[in-house]
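J.: Listed below are the residues making up each chain.
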Amino acid sequence: MAGKVKWVTDIEKSVLVNNFEKRGWTQVTDSEDWNFYWMSIQTIRNVFSVDTGYRLSDDQMVNHFPNHYELTRKDLMIKNIKRYRKELEKEGSPLSEKDESGKYIYLDFVPVTFMLPGDYNLFVEEFRKSPSSTWIMKPCGKAQGKGIFLINKLSQIKKWSRDSRTSTFMAANSGKEAYVISLYIDNPLLIGGKKFDLRLYVLVTTYRPLKCYMYKLGFCRFCTVKYTPSTSELDNMFVHLTNVAIQKHGDDYNHVHGGKWTVSNLRLYLESTRGKDVTNHLFDQIYWIVVQSLKAVAPVMNNDKHCFECYGYDIIIDDKLKPWLIEVNASPSLTSSTANDRILKYNLINDTLNIVAPNGEIPDCRWNRSPPKEALGNYQVPVSDILIHDRREFRSRSGQPLGSKSTRSSNCTPP
Amino acid sequence: MMNEGSELSVTIAQIVQRLKGTHLHSQLEKQAKECLHRPEIRLESIKEDVRKFLRATGWERKLQNAVYRELHILPPSGHPEAPLEHTKEPLAYMRKAQASWEKRILKSLNSMCTELGVPLARKRPVLEQKELTSKWNEMGADEPACVLFFIFWKVLINLKNPNHDHSDGLTARSHWGLIPISLSVRDVPQLREAYPELSLSCSQLGIDDHAHVPPDLFESEHIRIGKKVVDEQDSAAAQQYSRQGSPTGLRAQLWALILNITNDPEDVAHYEQLKAAVIHHDLLVDNLIYKDVKLTASNDDYYFVFEDVLYQVLLCFSRDTAVLEHFSYNSATPPKSYIQGKTGEEEFAVVYPPNGVIPFHGFSMYVAPLCFLYNEPCKLYSVFREMYVRYFFRLHSISSSPSGIVSLCLQFERLLQIHLPQLFFHLQEIMAQPLRIAFKWMVRAFSGYLSTDQLLLLWDRILGYDSLELVAVLAAAVFAFRAENLMEVTSLASAEAVLADLSTLKVMPLLQIFLFANVI
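Protein chains in written order, with this note's numbering: chain A, 9 to 423; chain E, 2 to 521.
It should be emphasised that the hints constitute simulated quantities derived from the structure, not laboratory data. Since we're looking at a predicted model, the values are computed, not measured. A virtual CB, placed ideally from N, CA and C, is assigned to each residue, including glycine. Misleading hints may appear alongside valid ones.
Computed list of lysine to any residue pairs in SDA-like fashion (alpha-carbon distance at most 20 Å, straight line) [said to hold, decoys possible]:
{"id": "1", "chain 1": "A", "residue 1": "LYS328", "chain 2": "E", "residue 2": "ASN376"}
{"id": "2", "chain 1": "A", "residue 1": "LYS284", "chain 2": "E", "residue 2": "ASN376"}
{"id": "3", "chain 1": "E", "residue 1": "LYS292", "chain 2": "A", "residue 2": "LYS224"}
{"id": "4", "chain 1": "A", "residue 1": "LYS224", "chain 2": "E", "residue 2": "LEU128"}
{"id": "5", "chain 1": "A", "residue 1": "LYS381", "chain 2": "E", "residue 2": "ALA212"}
{"id": "6", "chain 1": "E", "residue 1": "LYS228", "chain 2": "A", "residue 2": "ARG63"}
{"id": "7", "chain 1": "A", "residue 1": "LYS224", "chain 2": "E", "residue 2": "HIS211"}
{"id": "8", "chain 1": "E", "residue 1": "LYS136", "chain 2": "A", "residue 2": "GLY201"}
{"id": "9", "chain 1": "A", "residue 1": "LYS234", "chain 2": "E", "residue 2": "HIS211"}
{"id": "10", "chain 1": "A", "residue 1": "LYS234", "chain 2": "E", "residue 2": "TRP137"}
{"id": "11", "chain 1": "A", "residue 1": "LYS234", "chain 2": "E", "residue 2": "LYS276"}
{"id": "12", "chain 1": "A", "residue 1": "LYS256", "chain 2": "A", "residue 2": "THR239"}
Taking CB as the label site, the calculated pair distances span [what the hints assert, rightly or not]:
{"id": "13", "chain 1": "E", "residue 1": "HIS281", "chain 2": "A", "residue 2": "SER141", "range": "35 to 45 Å"}
{"id": "14", "chain 1": "E", "residue 1": "LYS155", "chain 2": "A", "residue 2": "LYS256", "range": "35 to 45 Å"}
{"id": "15", "chain 1": "A", "residue 1": "ALA253", "chain 2": "E", "residue 2": "LEU296", "range": "45 to 55 Å"}
{"id": "16", "chain 1": "A", "residue 1": "THR37", "chain 2": "E", "residue 2": "PHE426", "range": "55 to 65 Å"}
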């Protein structure tokens with residue numbers, strides 16, 4: 009291969025730039041000829057838009073799929089997952105099996121969610137079934153915890169009650185932003201009394217056929233304030249939201265560790281306190297969720313051959329050790345809040361580049377997308393067929409359906 | 002010298018004495034009485050039958066474990082005529098050093114009182130009590146206002162053995178290290194004999210469970226045996242097992258078993274009482290605890306999550322008078338304070354703090370790793386307390402015990418002097434004496450320096466061999482591992498930099514190579 013890779017980015021983050029420079033690639037501007045463009049989601053919209061878009065050639069790669077929002081926008085992800093379940097059901101797939109209470113056994117991995125204002129009436133119906141529940145409101149198009157609030161009374165979301173037939177994205181002219189409302193997981197697993205969520209990274213190189221890689225080095229993000237399900241603290245976002253963008257404004261935010269705990273710490277803690285089988289099962293379930301969410305959007309994705317994408321998955325584990333998919337981010341933060349964070353993100357980009365631009369050579373979008381095992385770094389391939397087998401086996405062993413009280417530990421109860 | 006037989010009978014008498022009146026004793030009595038109604042208990046063989054019953058129902062095992070626990074903390078039996086202080090520490094100069102050390106701490110504590118204008122202890126007003134009860138789980142939000150560091154180190158390197166003639170030419174060896182006294186410590190051949198399970202031919206966790214080793218070679222079988230040990234509820238077996246490492250999923254149970262922590266309703270009640278004591282009274286030493294947690298665990302990548310749990314455990318610990326028992330075999334003596342206006346009058350003396358232990362910088366690191374194993378505060382507390390009265394107290398009291406900090410320092414220096422003389426000499430020359438760096442690791446038994454998984458593997462062996470000696474061996478092994486880089490440094494600061502991050506080290510390979518792979 010002749011020539012150096014010419015790269016552009018509109019996200020000037022050191023973990024990116026250092027990785028490009030390490031490979032001896034040359035920086036250019038986006039008006040020049042480029043091979044590799046690490047771009048924000050605003051830019052990808054332009055690249056593929058009908059008006060301003062341009063044809064990418066075979067030696068050009070970008071870090072987003074054109075319609076990544078099918079997965080990464082809260083409302084669309086839910087829509088796609090709901091559709092995926094229905095399709096599987098129609099096919100009579102064993103994956104769509106339901107338990108006695110009518111819940112999906114294998115596909116119940118997102119909290120009950122509705123679009124507002126579109127689904128307002130459906131939501132009210134569900135709300136009335138369990139009026140003591142707390143719900144979480146999130147604007148569809150925002151990230152980093154912006155605009156999020158919790159509610160436990162219908163009156164708190166009156167604003168979204170009328171015009172329920174207008175667009176789900178933006179209620180026309182009314183200035184009402186589209187929201188999703190989800191059942192709030194009010195029994196999160198607490199460690200040291202604090203709530204946390206998991207940030208995991210997943211690389212997709214193609215949707216059809218689906219090729220995805222799980223990153224081993226994720227982290228837990230802890231709230232700085234003790235968790236309480238008490239309704240009097242519903243307004244205190246330091247209790248409920250784990251986003252670093254929120255937590256770093258708290259008085260107790262610590263700049264040494266930034267409230268971040270490695271996944272290996274989580275594993276050690278869970279295996280020590282709950283046992284090995286239960287812990288393995290939890291992580292298998294998480295891999296399962298990731299694969300299923302990707303399968304749910306695969307049919308609608310524009311599987312452009314110039315694209316790959318590194319997603320940030322946000323997952324909450326409840327106190328029964330069931331993982332819930334909260335959302336998927338198309339542009340997971342590459343800002344390093346701590347020294348360990350920098351190392352992790354540098355490695356993440358390094359391992360990602362090793363897969364999508366093998367040997368640091370000029371990319372060829374017609375590549376076979378089958379990197380050798382040695383090239384995966386900290387990425388691993390989730391083997392979905394084995395997963396479903398394991399889940400069945402676990403279920404029959406524990407004698408309980410998954411998703412309810414399946415978290416009996418085999419060896420943590422004192423005699 | 003007493004003969005062995007009578008020594009044994011003294012030991013037995015001591016243990017019987019100690020177990021009398023315990024809850025276990027009354028439970029055993031109750032069980033024995035109740036079983037008399039059973040058909041299998043016959044009058045003609047009543048003694049035998051009751052014994053059989055107690056064995057079959059697991060009560061015998063409980064008694065065995067209790068006896069085993071007593072054996073661990075039993076002070077070495079000295080001459081019957083010897084005064085009590087000799088069983089605490091046989092060497093007079095050690096006792097003296099410890100006593101003057103205690104005086105210094107107490108002085109600091111008193112001046113802290115004066116400076117802050119607060120009493121050593123006070124009853125909290127009712128309102129504050131209520132507030133604390135409601136905030137029990139989030140004490141980390143309170144900011145204390147004082148710092149106190151103790152310079153324990155200085156005391157150690159100034160130890161003097163008056164029986165040793167310092168006037169004429171010092172031996173090469175004593176001139177070398179920083180610890181200016183001689184105690185008998187083991188050399189590598191003796192260590193090999195003492196730690197046979199760590200040898201190259203022995204499989205163990207921390208080495209043979211590596212991802213590249215197929216689990217059926219060792220790990221699976223080891224876990225299977227571990228489950229059996231837990232089922233059998235046998236302390237001695239658990240201890241032996243732990244020498245090859247505890248599997249992560251079984252460690253919490255194995256350690257509790259080794260330490261004979263049963264988490265009875267009495268333990269829970271005791272813990273609740275301590276909690277009430279914290280809520281009722283404010284102690285000056287609480288400030289030390291707050292400060293310590295803030296400065297150590299709260300900034301730690303592994304332990305920050307457990308900040309609030311640490312306060313709960315440590316505040317309860319400071320009020321636990323059951324800890325005082327360990328002063329019968331600890332060279333230290335609990336500090337005394339006098340009720341206001343009665344200074345010096347023995348009948349008005351009270352132990353302060355109630356547990357007799359003044360916390361210092363880094364103290365919370367003895368608890369922090371245990372937070373990974375136990376999520377029930379009461380169990381966590383009991384395990385920590387037992388670990389403290391068996392091992393950790395030795396890391397900050399001056400004694401001649403082989404697990405004591407003085408011996409560990411000496412052991413560490415000896416191992417380096419003998420096996421890495423060039424390195425030792427080099428570091429000595431540039432005023433980066435190895436002990437100056439390793440001391441802090443050893444005082445905390447490496448907690449806060451190693452990654453938690455590795456630390457737990459090390460502590461597995463501390464429990465397994467009932468000794469802290471391996472802490473010194475590991476410290477030497479770390480120097481050996483980084484020897485090449487250390488030979489190139491020219492200052493203490495750069496030597497410290499080479500050894501600043503131990504979180505990537507793998508403990509068991511280091512120990513194994515240091516002890517068994519080198520030609521001696």
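J.: Look at each hint and say if it fits the structure.
T.: Status of the hints after comparison with the structure:
no., hint, result
1, A/LYS328 / E/ASN376, "holds, 15 Å"
2, A/LYS284 / E/ASN376, "holds, 16 Å"
3, E/LYS292 / A/LYS224, "violated, 35 Å"
4, A/LYS224 / E/LEU128, "violated, 49 Å"
5, A/LYS381 / E/ALA212, "holds, 15 Å"
6, E/LYS228 / A/ARG63, "violated, 63 Å"
7, A/LYS224 / E/HIS211, "holds, 17 Å"
8, E/LYS136 / A/GLY201, "holds, 12 Å"
9, A/LYS234 / E/HIS211, "violated, 37 Å"
10, A/LYS234 / E/TRP137, "holds, 11 Å"
11, A/LYS234 / E/LYS276, "holds, 19 Å"
12, A/LYS256 / A/THR239, "violated, 23 Å"
13, E/HIS281 / A/SER141: 35 to 45 Å, "holds, 39 Å"
14, E/LYS155 / A/LYS256: 35 to 45 Å, "holds, 41 Å"
15, A/ALA253 / E/LEU296: 45 to 55 Å, "violated, 28 Å"
16, A/THR37 / E/PHE426: 55 to 65 Å, "holds, 58 Å"
Going through the hint list in order, the structure does not satisfy hints 3, 4, 6, 9, 12, 15.
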